[in-house]
Amino acid sequence: GNSVTQMEGPVTLSEEAFLTINCTYTATGYPSLFWYVQYPGEGLQLLLKATKADDKGSNKGFEATYRKETTSFHLEKGSVQVSDSAVYFCALSAQKLVFGQGTRLTINP
Amino acid sequence: GAGVSQSPSNKVTEKGKDVELRCDPISGHTALYWYRQSLGQGLEFLIYFQGNSAPDKSGLPSDRFSAERTGGSVSTLTIQRTQQEDSAVYLCASSPRGWQPQHFGDGTRLSIL
Chain A
199 GNSVTQMEGP VTLSEEAFLT INCTYTATGY PSLFWYVQYP GEGLQLLLKA
249 TKADDKGSNK GFEATYRKET TSFHLEKGSV QVSDSAVYFC ALSAQKLVFG
299 QGTRLTINP
Chain B
42 GAGVSQSPSN KVTEKGKDVE LRCDPISGHT ALYWYRQSLG QGLEFLIYFQ
92 GNSAPDKSGL PSDRFSAERT GGSVSTLTIQ RTQQEDSAVY LCASSPRGWQ
142 PQHFGDGTRL SIL
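Residue numbers (the numbering used here), protein chains in the order written: chain A, 199 to 307; chain B, 42 to 154.
Derived from the structure by calculation, the hints contain no laboratory data. Treat the hints with care, as some may be off.
[Unchecked claim] No farther apart than 20 Å at their CA atoms in a straight line, the calculated lysine to aspartate or glutamate pairs in the EDC-like style are these:
(1) B:Lys98 x B:Glu109
(2) B:Lys58 x B:Asp147
(3) A:Lys275 x A:Glu214
(4) A:Lys266 x A:Asp282
(5) A:Lys266 x B:Asp147
(6) A:Lys266 x A:Asp252
(7) A:Lys250 x A:Glu240
(8) A:Lys275 x A:Glu261
(9) A:Lys294 x B:Glu126
(10) B:Lys52 x A:Glu274
(11) B:Lys52 x B:Asp65
(12) A:Lys275 x B:Glu85
These figures come from a predicted structure and were not determined experimentally.
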């Protein structure tokens with residue numbers, strides 16, 4: 199079946215550090231891939247998406263590239279801020295969304 | 042508003058009682074999902090409605106849980122004979138079609154005493 203595996207958290211970084219949150223998936227066919235973010239006390243929001251191999255999704259300085267050869271969709275940001283502290287969920291879509299377990303990110307000033 | 046609306050935002054009830062949680066999806070969205078998020082845990086899929094098709098109930102944890110979607114719009118998640126382990130945030134999401142990005146509500150925080 200379809201599944202998503204995320205880097206286990208929590209992840210703690212200092213402001214302006216480089217961020218990578220790993221995500222790999224297992225799926226039949228060619229799913230779309232997503233990153234969702236959940237800020238403290240808020241609901242989930244779509245952060246970025248990629249619908250086919252080699253597509254790069256980007257938003258708010260975050261990027262992720264759909265890598266079919268490695269079945270990965272790692273989330274990256276060059277310089278994180280305190281306001282990026284949140285839980286990040288990787289997900290794939292093949293008729294319905296399948297989420298990873300989430301990675302809690304804390305950025306210290 | 043234009044977003045997914047859930048009610049109540051918080052619910053505290055005694056063990057053994059039944060509860061109903063409501064979700065108003067974005068108008069025109071044919072796909073509706075329920076998830077459960079326990080403290081410090083990820084998203085646990087519960088049930089998925091897509092148009093008039095039979096719902097995917099594969100995530101419901103027990104027969105105490107049920108959901109319906111009336112008229113292809115509003116959905117109600119019902120938990121009968123609640124147990125303490127049912128305490129969680131219950132999230133609803135909708136999307137134009139099943140494979141498209143989902144829009145989430147703010148959730149209902151359920152606490153079973």
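Against the structure, the hints come out as follows:
{"no.": "1", "hint": "B:Lys98 x B:Glu109", "verdict": "holds, 11 Å"}
{"no.": "2", "hint": "B:Lys58 x B:Asp147", "verdict": "violated, 23 Å"}
{"no.": "3", "hint": "A:Lys275 x A:Glu214", "verdict": "holds, 9 Å"}
{"no.": "4", "hint": "A:Lys266 x A:Asp282", "verdict": "violated, 27 Å"}
{"no.": "5", "hint": "A:Lys266 x B:Asp147", "verdict": "violated, 33 Å"}
{"no.": "6", "hint": "A:Lys266 x A:Asp252", "verdict": "holds, 7 Å"}
{"no.": "7", "hint": "A:Lys250 x A:Glu240", "verdict": "violated, 29 Å"}
{"no.": "8", "hint": "A:Lys275 x A:Glu261", "verdict": "holds, 6 Å"}
{"no.": "9", "hint": "A:Lys294 x B:Glu126", "verdict": "violated, 26 Å"}
{"no.": "10", "hint": "B:Lys52 x A:Glu274", "verdict": "violated, 37 Å"}
{"no.": "11", "hint": "B:Lys52 x B:Asp65", "verdict": "holds, 17 Å"}
{"no.": "12", "hint": "A:Lys275 x B:Glu85", "verdict": "violated, 27 Å"}
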